[in-house]
Structures are given as C-alpha cells and as structure tokens.
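Taking this note's numbering, I'd label the letters of the sequence shown as residues 221 to 314.
It should be emphasised that the hints constitute simulated quantities derived from the structure, not laboratory data.
As the structure is a computational prediction, the values presented were derived from the model and not from experiment.
Among the hints, a few may not be true.
[Unchecked claim] List time: in silico EDC-like cross-link candidates among lysine to aspartate or glutamate, alpha-carbon distance up to 20 Å:
#, residue 1, residue 2
1, 233, 295
2, 233, 249
3, 233, 294
4, 233, 308
5, 233, 281
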Amino acid sequence: FLHENGIIHQDLKPANVMVSAAGHVIVGDFGASSYMDRCGNRVTLQPTDVVTFTPLYAAPELQCRNTEGLVVFDERVDWWSLGVMLYELAMGSV
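With these hints in hand, go ahead and build the complete structure from the sequences.
In structure tokens, the structure reads:
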C-alpha cells in the first residue's frame, strides 16, 4: 500500500513494526519517510542533504552518495530492511 502510493519509509526496523491485538501489522515512525511524486521526484520533510536511517537495517544505497553528493534510492530500500528483519527473525540475530 505504501509503495503503491509513492511512500518510502526508509527506516524500517523492528522498533517501527508492531502487531495489534487483532493481529494486524502496523508500521510506525514515518519521520524519515519520503514521498515519490508521479514524476519520480523524491519529496521529503528533511533537508535534501540529510538521509535518516538505522545503519543495521539500511540498504547500502542509503549509506552512499553519488558524485553529486546526493543519496539516490527508491522503494527497494524498504525491501532490503524487511529482508534484514526476516533474516533476524529466522536466525535470531544479524
């Protein structure tokens, strides 16, 4: 749902994923999130030179800048974080 609507959480980690009493998964803490507009431009409430993330769960592209000094990423950073969390669930730690 989030990615279909252009929202990239960009800081998924266990502390931001909860399960309700009814068993529904709830994702919280959208303070670091970005919005991709219909033209593919990233819109964020943070300064453009700031990218917030938790290093242990962050995709490699969030931790690197291109030759122009920008961090370039898309919704795949959330899939990376989910993969790290699933690995952690399966193995007990990263």
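- [ ] Provide an ascending list of the numbers of those earlier hints which the structure does not satisfy.
- [x] none
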